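Q: In case you want the letters, here they are:
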Amino acid sequence: MNQSQEYEKLSFEEAMTELESVVNKLDAGEGTLDESISLFQKGVLLSKLCSSRLEEIEKRVRILTEDTNGTKKEIDFNEDGITSIEKE
Amino acid sequence: MSAVFSVSDLNQYVGEVLAADPVLTAVRVRGEISGFKKYPSGHLYFSLKDKESQVNCVAFRGNAAHFSFVPENGMSVVVTARASLYDRDGRFQLVVYEMEKDGVGDLFAAFERLKVKLEAEGLFDTSHKKAIPKLPRRIGVVTSPKGAVISDIIHVLSRRFPNFDLLIYPSAVQGQTAAGEIRKGVEWFNRTDIVDVIIIARGGGSMEDLWCFNDEALARTIYESNIPLISAVGHETDFTICDFVSDLRAPTPSAAAELVMPEKSELLSGINARTDRLTRALLHLVAIRKNHLMFLSRSKALLSPLRRVESESQRLDMLSLKLTHSLNRRMDSSARRIDKGIARLDALSPLKVLSRGYSLATNPATGSCITSIAQVTPGQAVQIQLADGLVHCKAETIQAGRIL
Numbered sequence: 004m005n006q007s008q009e010y011e012k013l014s015f016e017e018a019m020t021e022l023e024s025v026v027n028k029l030d031a032g033e034g035t036l037d038e039s040i041s042l043f044q045k046g047v048l049l050s051k052l053c054s055s056r057l058e059e060i061e062k063r064v065r066i067l068t069e070d071t072n073g074t075k076k077e078i079d080f081n082e083d084g085i086t087s088i089e090k091e
Numbered sequence: 009m010s011a012v013f014s015v016s017d018l019n020q021y022v023g024e025v026l027a028a029d030p031v032l033t034a035v036r037v038r039g040e041i042s043g044f045k046k047y048p049s050g051h052l053y054f055s056l057k058d059k060e061s062q063v064n065c066v067a068f069r070g071n072a073a074h075f076s077f078v079p080e081n082g083m084s085v086v087v088t089a090r091a092s093l094y095d096r097d098g099r100f101q102l103v104v105y106e107m108e109k110d111g112v113g114d115l116f117a118a119f120e121r122l123k124v125k126l127e128a129e130g131l132f133d134t135s136h137k138k139a140i141p142k143l144p145r146r147i148g149v150v151t152s153p154k155g156a157v158i159s160d161i162i163h164v165l166s167r168r169f170p171n172f173d174l175l176i177y178p179s180a181v182q183g184q185t186a187a188g189e190i191r192k193g194v195e196w197f198n199r200t201d202i203v204d205v206i207i208i209a210r211g212g213g214s215m216e217d218l219w220c221f222n223d224e225a226l227a228r229t230i231y232e233s234n235i236p237l238i239s240a241v242g243h244e245t246d247f248t249i250c251d252f253v254s255d256l257r258a259p260t261p262s263a264a265a266e267l268v269m270p271e272k273s274e275l276l277s278g279i280n281a282r283t284d285r286l287t288r289a290l291l292h293l294v295a296i297r298k299n300h301l302m303f304l305s306r307s308k309a310l311l312s313p314l315r316r317v318e319s320e321s322q323r324l325d326m327l328s329l330k331l332t333h334s335l336n337r338r339m340d341s342s343a344r345r346i347d348k349g350i351a352r353l354d355a356l357s358p359l360k361v362l363s364r365g366y367s368l369a370t371n372p373a374t375g376s377c378i379t380s381i382a383q384v385t386p387g388q389a390v391q392i393q394l395a396d397g398l399v400h401c402k403a404e405t406i407q408a409g410r411i412l
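Those protein sequences? They're chains A and B, same order as listed. For the first sequence, the residue numbers in my numbering are 4 to 91. For the second sequence, the residue numbers in my numbering are 9 to 412.
Honestly, I wouldn't trust all of these hints.
Result set (BS3-like, lysine-lysine): computed pairs, CA atoms no more than 30 Å apart in a straight line [stated by the list, open to error]: (1) Lys28/A - Lys298/B; (2) Lys154/B - Lys76/A; (3) Lys272/B - Lys12/A; (4) Lys12/A - Lys62/A; (5) Lys138/B - Lys12/A; (6) Lys45/B - Lys109/B; (7) Lys330/B - Lys28/A; (8) Lys142/B - Lys76/A; (9) Lys138/B - Lys75/A; (10) Lys12/A - Lys142/B; (11) Lys142/B - Lys154/B; (12) Lys62/A - Lys272/B; (13) Lys137/B - Lys12/A; (14) Lys62/A - Lys154/B; (15) Lys62/A - Lys137/B; (16) Lys62/A - Lys138/B; (17) Lys76/A - Lys138/B; (18) Lys142/B - Lys28/A; (19) Lys75/A - Lys154/B; (20) Lys192/B - Lys75/A; (21) Lys123/B - Lys138/B.
Computed list of chain A residues with no C-beta within reach of chain B, every gap over 12 Å [said to hold, decoys possible]: (22) Gln8; (23) Glu9; (24) Tyr10; (25) Glu11; (26) Asp70; (27) Thr71; (28) Asn72.
It should be emphasised that the hints constitute simulated quantities derived from the structure, not laboratory data. Fair warning: this is a prediction, and the values are worked out from it, not measured in the lab. Where a beta carbon is used, it is the ideal one built from N, C-alpha and C, also for glycine.
Please put together the full structure from these sequences, using the hints given.
A: Structural data, given as structure tokens:
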């Protein structure tokens, strides 16, 4: 079953739209019990995916600086104007 | 002999002459402010001067309140005023009702010209505007890293979606170099393609302060951006060329943060609601089928397969009971966290049923479930699905009748 791999590529927006359509299909109640159960499983996968999309954004506030060669680098930004340790 | 005036009469007469003069009732005068005083009453007193002369001016509170800037000594301005005579001192003065910085008229004309030109070229077309993503994984901001604007944005984002990801491209936002720096920022974000949306932000200011956002080259860069762009320049009432050409105009930087990031709690309850509907829909379908089976089981024509029907019915009862339990638990505490809800739903998955020792037989050729011996012939391949994998079998003999 490659469904979950296929879903992995979906953005939050796409997964949410897909979930909505799965719920609507299941709500319509057509098809066999097998089909309904497989829809339900799809829905559970999508629902999990939606919530994981919300969590996978890493909390960061960074600012670009330029080193002596003029290459841009990201460093942590803090509002006092003091920027902390550099990260590659 | 001509009549002799009293001083009061004279001043009154001169006042009337001035008031009746069509030029002097709405005259525009350019000059430099000196001797500026603001009285507690709110009235402003000052002189306008040029190299040779000066004239006294007063701006009453009602008019002064509408000036777009605070006048200062040494400022070069253009006032619109009427001439009058201050009766008590017999002093000629201008009563100012409008004031603009010298040169602003030119700026405004330049702004209008550029706006008309770019509009005609289609740079403001709605059809070209890109949709702002619902959940940007990373947000790029071109702004000054100092001051209230960036803290406002960070504050609003933290409130709406605590784990937001923001990348600041520091740039001047007023002065000669600003337009070029902002343009480089937009170009850099497009080249690196590491953000889902770009915000150009600056706090309020005078028309001169915001002038860099009326730059033609910047407007074209924004138009060509492949990444959706929000313009958040100045206050509600300030409009710049950037606002027209961007994909979305936010009235303030804080508003841009509101527009760009949804509230996490709202998204979570949206997912929650859909997951609830999913469970309820399945539960409903199972209930319908159960009723249908009950009905069939009472039919005499189906007496012989009755036991099978009963056991199917029992299986459905169990499934339905589990679903009901799960649903009830969800209903009892609707505020419960979504991830817990999902874990429970997961427990209903056939995979979990498998892990309790049940197995699923399928026909590998068709992929369909085998629910009856009628679907199997001796020698045929049968696939048994267990929780952790598949067993590929071959049917040896087939025996009718119930075993359990």
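Q: Against this structure, judge whether each hint is valid.
A: Hint by hint, here is what the structure shows:
Distance restraint check for Lys28/A and Lys298/B: the Cα-Cα separation of roughly 20 Å lies within the 30 Å cut-off, and the hinted pair is therefore satisfied. With a C-alpha separation of about 18 Å, the suggested pair Lys154/B and Lys76/A falls inside the 30 Å cut-off, and the hint holds. With a C-alpha separation of about 21 Å, the suggested pairing of Lys272/B with Lys12/A holds against the 30 Å cut-off. In summary, the hint linking Lys12/A to Lys62/A is supported, as the alpha carbons are separated by about 21 Å, within the 30 Å threshold.
Proposed proximity of Lys138/B and Lys12/A is supported: the alpha carbons are some 22 Å apart, at most 30 Å. For a cut-off of 30 Å, the pair hint linking Lys45/B to Lys109/B stands: about 18 Å separates their Cα positions. Annotation: proposed proximity of Lys330/B to Lys28/A holds, straight-line Cα distance about 22 Å (limit 30 Å). Of the supplied pair hints, the one linking Lys142/B and Lys76/A holds, its CA atoms being roughly 28 Å apart against a limit of 30 Å.
Distance check on the hinted pair: Lys138/B and Lys75/A sit about 27 Å apart at the alpha-carbon level, within 30 Å; holds. Taking the CA atoms of Lys12/A and Lys142/B, the gap is near 16 Å; set against the 30 Å cutoff, the hint holds. A threshold of 30 Å between alpha carbons decides the hint, and for Lys142/B with Lys154/B the separation of about 28 Å falls inside it, so the pair holds. Taken as a hint, the Lys62/A and Lys272/B pair is honoured in the structure, with Cα atoms around 13 Å apart against an allowance of 30 Å.
Between the alpha carbons of Lys137/B and Lys12/A the distance comes to roughly 25 Å, so the proposed pair stays at or under 30 Å and holds. Restraint check for Lys62/A and Lys154/B: satisfied, since their Cα atoms lie roughly 21 Å apart, inside the 30 Å limit. For the hint linking Lys62/A to Lys137/B, the alpha-carbon distance of about 29 Å falls within 30 Å, and the restraint holds. Between the alpha carbons of Lys62/A and Lys138/B the distance comes to roughly 26 Å, so the proposed pair stays at or under 30 Å and holds.
Distance hint between Lys76/A and Lys138/B is fulfilled; the C-alpha atoms sit about 28 Å from each other, no more than 30 Å. Under the criterion of a C-alpha separation no larger than 30 Å, the hint pairing Lys142/B with Lys28/A is consistent with the structure, at around 24 Å. Distance check on the hinted pair: Lys75/A and Lys154/B sit about 19 Å apart at the alpha-carbon level, within 30 Å; holds. Annotation: proposed proximity of Lys192/B to Lys75/A holds, straight-line Cα distance about 12 Å (limit 30 Å).
The suggested pairing of Lys123/B with Lys138/B holds, with an alpha-carbon distance near 20 Å, which does not exceed 30 Å. For Gln8/A, the condition that its CB be more than 12 Å from all CB atoms of chain B holds, with the nearest at approximately 17 Å. With a minimum CB-CB distance of about 17 Å to chain B, Glu9/A clears the 12 Å threshold, and the non-interface call stands. Distance check on Tyr10/A: its Cβ is at least 14 Å (rounded) from any Cβ of chain B, clearing the 12 Å threshold; non-interface status holds.
The beta carbon of Glu11/A sits about 14 Å from the closest Cβ of chain B, which is more than 12 Å, so the claim that it is off the interface holds. The Cβ of Asp70/A sits about 14 Å from the closest Cβ of chain B, beyond the 12 Å cut-off, so the non-interface label holds. Look at Thr71/A: its CB is around 17 Å from the nearest CB on chain B, clear of 12 Å, so calling it non-interface holds up. The non-interface label for Asn72/A is consistent with chain B: the shortest C-beta to C-beta separation is roughly 16 Å, beyond 12 Å.
Of the numbered hints given earlier, the model fails none.
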